[in-house]
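Enquirer: Order-wise, the sequence lines are chains R and U.
Everything in the first sequence is counted per the numbering used here, starting at 1 for the first residue and increasing by one.
Everything in the second sequence is counted per the numbering used here, starting at 419 for the first residue and increasing by one.
No lab work stands behind these hints: they were computed from the structure.
Heads up, a few of these hints could be off.
Derived DEER-like restraints, expressed as beta-carbon distance ranges [unchecked claim]:
1. D653(U) x Y223(R): 57 to 67 angstroms
2. E467(U) x D378(R): 53 to 63 angstroms
3. H340(R) x D593(U): 53 to 63 angstroms
4. E467(U) x L346(R): 48 to 58 angstroms
5. D435(U) x E326(R): 23 to 33 angstroms
6. R530(U) x F233(R): 38 to 48 angstroms
7. D533(U) x A110(R): 52 to 62 angstroms
8. F233(R) x E467(U): 40 to 50 angstroms
9. Q337(R) x N466(U): 49 to 59 angstroms
10. D752(U) x G166(R): 47 to 57 angstroms
11. N538(U) x G166(R): 31 to 41 angstroms
12. M419(U) x K210(R): 24 to 34 angstroms
13. G89(R) x R530(U): 28 to 38 angstroms
In this text, all values refer to a predicted model and were calculated from it rather than measured experimentally.
Glycine is no exception: its CB is placed at the ideal position from the N, C-alpha and C atoms.
Protein chains: 2
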Amino acid sequence: MPLLVMKFGGTSVADPDRIKNAALKVQREVERGYDVIVIVSAMSGKTNELVGWVEQTSPLFDAREYDAVVSSGENVTAGLMALTLQEMGVPARSWQGWQVPINTTAAYSAARFVDIPRKNIDQKFAEGFKVAVVAGFQGLSPEGRITTLGRGGSDTTAVAFAAAFGAERCDIYTDVDGVYTTDPRITSRARKLDRIAFEEMLELASLGAKVLQTRSVELAMRYKVRLRVLSSFEDTDQNSGTLICDEDEIMESKVVNGVASSRDEAKITLVTVEDRPGISAAIFAPLADAGVNVDMIVQNISEKDYEDHPGSVTDMTFSVPINQVERAKRAMEDARQAGHIAYDELVVDTEVAKVSVVGIGMRSHTGVAARMFKALADENVNIKVIATSEIKISVLIDRKYMELAVQALHDAFELEKA
Amino acid sequence: MPLLVMKFGGTSVADPDRIKNAALKVQREVERGYDVIVIVSAMSGKTNELVGWVEQTSPLFDAREYDAVVSSGENVTAGLMALTLQEMGVPARSWQGWQVPINTTAAYSAARFVDIPRKNIDQKFAEGFKVAVVAGFQGLSPEGRITTLGRGGSDTTAVAFAAAFGAERCDIYTDVDGVYTTDPRITSRARKLDRIAFEEMLELASLGAKVLQTRSVELAMRYKVRLRVLSSFEDTDQNSGTLICDEDEIMESKVVNGVASSRDEAKITLVTVEDRPGISAAIFAPLADAGVNVDMIVQNISEKDYEDHPGSVTDMTFSVPINQVERAKRAMEDARQAGHIAYDELVVDTEVAKVSVVGIGMRSHTGVAARMFKALADENVNIKVIATSEIKISVLIDRKYMELAVQALHDAFELEKA
Chain R
1 MPLLVMKFGG
11 TSVADPDRIK
21 NAALKVQREV
31 ERGYDVIVIV
41 SAMSGKTNEL
51 VGWVEQTSPL
61 FDAREYDAVV
71 SSGENVTAGL
81 MALTLQEMGV
91 PARSWQGWQV
101 PINTTAAYSA
111 ARFVDIPRKN
121 IDQKFAEGFK
131 VAVVAGFQGL
141 SPEGRITTLG
151 RGGSDTTAVA
161 FAAAFGAERC
171 DIYTDVDGVY
181 TTDPRITSRA
191 RKLDRIAFEE
201 MLELASLGAK
211 VLQTRSVELA
221 MRYKVRLRVL
231 SSFEDTDQNS
241 GTLICDEDEI
251 MESKVVNGVA
261 SSRDEAKITL
271 VTVEDRPGIS
281 AAIFAPLADA
291 GVNVDMIVQN
301 ISEKDYEDHP
311 GSVTDMTFSV
321 PINQVERAKR
331 AMEDARQAGH
341 IAYDELVVDT
351 EVAKVSVVGI
361 GMRSHTGVAA
371 RMFKALADEN
381 VNIKVIATSE
391 IKISVLIDRK
401 YMELAVQALH
411 DAFELEKA
Chain U
419 MPLLVMKFGG
429 TSVADPDRIK
439 NAALKVQREV
449 ERGYDVIVIV
459 SAMSGKTNEL
469 VGWVEQTSPL
479 FDAREYDAVV
489 SSGENVTAGL
499 MALTLQEMGV
509 PARSWQGWQV
519 PINTTAAYSA
529 ARFVDIPRKN
539 IDQKFAEGFK
549 VAVVAGFQGL
559 SPEGRITTLG
569 RGGSDTTAVA
579 FAAAFGAERC
589 DIYTDVDGVY
599 TTDPRITSRA
609 RKLDRIAFEE
619 MLELASLGAK
629 VLQTRSVELA
639 MRYKVRLRVL
649 SSFEDTDQNS
659 GTLICDEDEI
669 MESKVVNGVA
679 SSRDEAKITL
689 VTVEDRPGIS
699 AAIFAPLADA
709 GVNVDMIVQN
719 ISEKDYEDHP
729 GSVTDMTFSV
739 PINQVERAKR
749 AMEDARQAGH
759 IAYDELVVDT
769 EVAKVSVVGI
779 GMRSHTGVAA
789 RMFKALADEN
799 VNIKVIATSE
809 IKISVLIDRK
819 YMELAVQALH
829 DAFELEKA
């Protein structure tokens with residue numbers, strides 16, 4: 001029997017009526033001949049309520065207890081979804097993480113999958129059940145306690161089940177109808193993509209397109225799980241939404257397929273850093289130790305000797321999430337106090353945004369960067385930092401130009417055209 | 419290490435502040451040298467919310483899914499209580515039913531305990547944990563699914579743990595400060611009892627005193643678990659509340675220790691029933707089949723022959739919970755239609771109440787009934803039905819006299835005096 005995984009996020013199961021709406025989509029796939037594994041999130045708002053209670057109770061909470069508490073929201077939805085399907089005449093039952101079992105590491109609140117044995121669920125399919133409703137976001141540690149997977153955990157659960165059960169596809173039902181060339185709130189010319197390659201989606205996800213969690217896309221790419229993003233709130237069919245798949249499945253791709261933007265960036269510059277072997281390690285090790293996610297890094301190579309700096313000096317610029325600025329500053333100042341690094345000044349710019357163009361076609365096409373920089377220059381947008389990978393080019397710019405830059409790039413690469 | 423079981427009901431753990439208040443009581447017992455097993459209910463209101471969703475989803479729900487959903491409230495409280503204790507420096511962890519495991523029958527939504535192996539929790543005590551916080555009301559079926567125990571399940575969980583772990587005592591923290599001679603809302607002369615025997619508490623519980631669930635008292639009596647009822651919301655010490663214990667522990671008992679009353683009663687009389695061997699079975703079997711809880715039964719033996727009833731006839735009167743009257747009527751009419759029983763008329767009186775006096779002293783003292791009936795007669799309260807057991811006498815009276823009757827009996831047996 002062909003098998004599908006269908007995942008419904010928190011807004012898609014926010015109350016019994018929405019659960020019913022989601023169940024109708026499951027029923028339709030069963031009628032098409034699929035066995036279905038449904039992965040559910042907690043009703044929207046419920047996980048936040050639980051997290052709030054935990055934080056109120058214990059600011060430095062034991063992650064084991066945190067996980068035991070916050071995983072309960074998904075259990076509720078799983079049971080209600082199973083009941084809803086039964087009510088429609090679809091043989092279904094709910095599964096909590098420990099019942100499957102979804103074996104994970106013991107890294108509470110940030111657990112990773114170890115394995116998902118098929119035996120128990122396969123046996124129920126063999127007995128005539130058509131749907132297994134699995135509580136997302138949770139698992140079982142080696143010591144028999146409940147774990148959770150961290151942010152976006154339910155998407156990851158869905159992909160892991162699709163991989164473990166060899167699903168034909170993993171459908172992620174959410175509150176948007178697919179992946180767009182860029183954020184439709186920034187330009188109405190944004191176009192829904194029918195297909196996008198894993199690598200591109202990975203870049204877009206990590207660059208701020210909030211449709212899918214990066215980790216679930218990584219997992220899908222590794223196990224070649226065909227992933228589809230589509231709307232819970234619209235009539236959908238087998239061609240709806242956006243398919244995220246191997247690039248082999250994409251006939252002809254444009255050079256650039258998407259423009260991503262993120263306003264939650266800050267730029268930090270260490271001015272007049274002593275330039276010696278090992279200086280990068282001396283700067284970025286304490287940042288890593290402090291849990292700061294450094295993104296873009298630029299070093300201005302400086303050959304000239306300043307009067308008061310007899311050796312070679314440089315400026316080091318990097319970007320961090322805006323809410324980690326204070327932590328980064330403290331880590332740098334501590335390292336300077338300890339004599340591990342030396343710099344004249346630490347300059348923070350929190351008024352920046354990151355804009356990126358992404359496309360697997362860049363691998364074989366040249367001139368993308370030039371076209372991008374020209375489009376920005378034509379709008380008088382000054383570029384502060386540039387970073388590139390094989391399939392993307394990112395720039396840091398003044399935040400006030402972010403929307404303008406996105407629109408200009410969307411037009412320059414003609415993304416509105418299919 | 420001596421061990422205590424402490425149980426906190428829904429109002430005692432209704433929010434993080436109340437959980438903290440409960441945790442302080444636990445901490446105090448730990449400081450006194452006890453290992454503690456804490457049994458928690460769901461935050462008040464939460465179970466009803468979950469039940470509401472289930473009923474909205476599926477009126478004839480699958481009890482397996484119902485249990486999976488409604489058990490989640492206790493898991494939340496257990497985790498929050500463990501976190502609160504940790505925050506106070508008390509080594510604690512939470513336990514869900516399947517982790518202990520609390521093995522039950524597969525009677526979903528009405529499961530019964532099979533056994534509670536001590537191994538896992540004992541091991542944690544040996545490792546230095548001082549408190550095991552266990553989610554009440556739930557268990558694990560032989561097929562590995564979650565069960566719940568039905569109404570009052572958390573009290574029953576507490577008593578079962580006290581029995582399994584040989585606890586010195588099982589303390590039930592609730593929103594009243596003990597067991598009273600009668601409902602203090604009916605007479606201000608009601609007195610809190612320091613001690614009461616299991617048998618008496620069982621009669622009081624089943625007669626409408628809502629302090630403890632009948633089933634938990636039965637279990638405590640069977641395993642000789644000393645049970646204490648006390649307030650979550652007052653300062654309490656080791657002498658607070660009411661101890662429910664074996665009668666051997668009660669030095670000298672009064673003849674009557676409590677007056678119970680219940681207004682949720684209805685009286686049904688079958689007029690002119692053919693009186694033949696087997697007629698009681700013919701009447702009460704269909705009622706039992708319909709799930710009607712018949713309480714008091716009186717048969718008026720009639721020797722005389724009526725003109726139109728050549729054989730011997732009788733009237734049969736019984737009481738049922740008021741919300742089961744329609745079900746009882748239907749069962750009787752169906753039995754009459756089917757020719758299994760014959761009667762002239764079915765008369766329902768929903769304006770009745772039951773008042774009872776309870777005391778283990780009745781076993782060895784006579785004259786209690788006479789004293790009761792005289793007290794009621796002095797107030798011109800007419801008795802409609804009488805039923806007795808070894809340690810209680812119950813009467814059905816007009817509901818409007820209920821409070822009056824309770825006050826009169828409380829005075830007649832001098833229950834205000836210790």
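Enquirer: For every hint, state whether the structure bears it out.
Expert: Tested hints:
no.: 1; hint: D653(U) x Y223(R): 57 to 67 angstroms; verdict: holds, 59 angstroms
no.: 2; hint: E467(U) x D378(R): 53 to 63 angstroms; verdict: holds, 57 angstroms
no.: 3; hint: H340(R) x D593(U): 53 to 63 angstroms; verdict: holds, 60 angstroms
no.: 4; hint: E467(U) x L346(R): 48 to 58 angstroms; verdict: holds, 51 angstroms
no.: 5; hint: D435(U) x E326(R): 23 to 33 angstroms; verdict: holds, 31 angstroms
no.: 6; hint: R530(U) x F233(R): 38 to 48 angstroms; verdict: holds, 44 angstroms
no.: 7; hint: D533(U) x A110(R): 52 to 62 angstroms; verdict: violated, 36 angstroms
no.: 8; hint: F233(R) x E467(U): 40 to 50 angstroms; verdict: violated, 24 angstroms
no.: 9; hint: Q337(R) x N466(U): 49 to 59 angstroms; verdict: holds, 57 angstroms
no.: 10; hint: D752(U) x G166(R): 47 to 57 angstroms; verdict: holds, 55 angstroms
no.: 11; hint: N538(U) x G166(R): 31 to 41 angstroms; verdict: holds, 36 angstroms
no.: 12; hint: M419(U) x K210(R): 24 to 34 angstroms; verdict: violated, 52 angstroms
no.: 13; hint: G89(R) x R530(U): 28 to 38 angstroms; verdict: holds, 32 angstroms
In summary, the numbered hints that this structure violates are 7, 8, 12.
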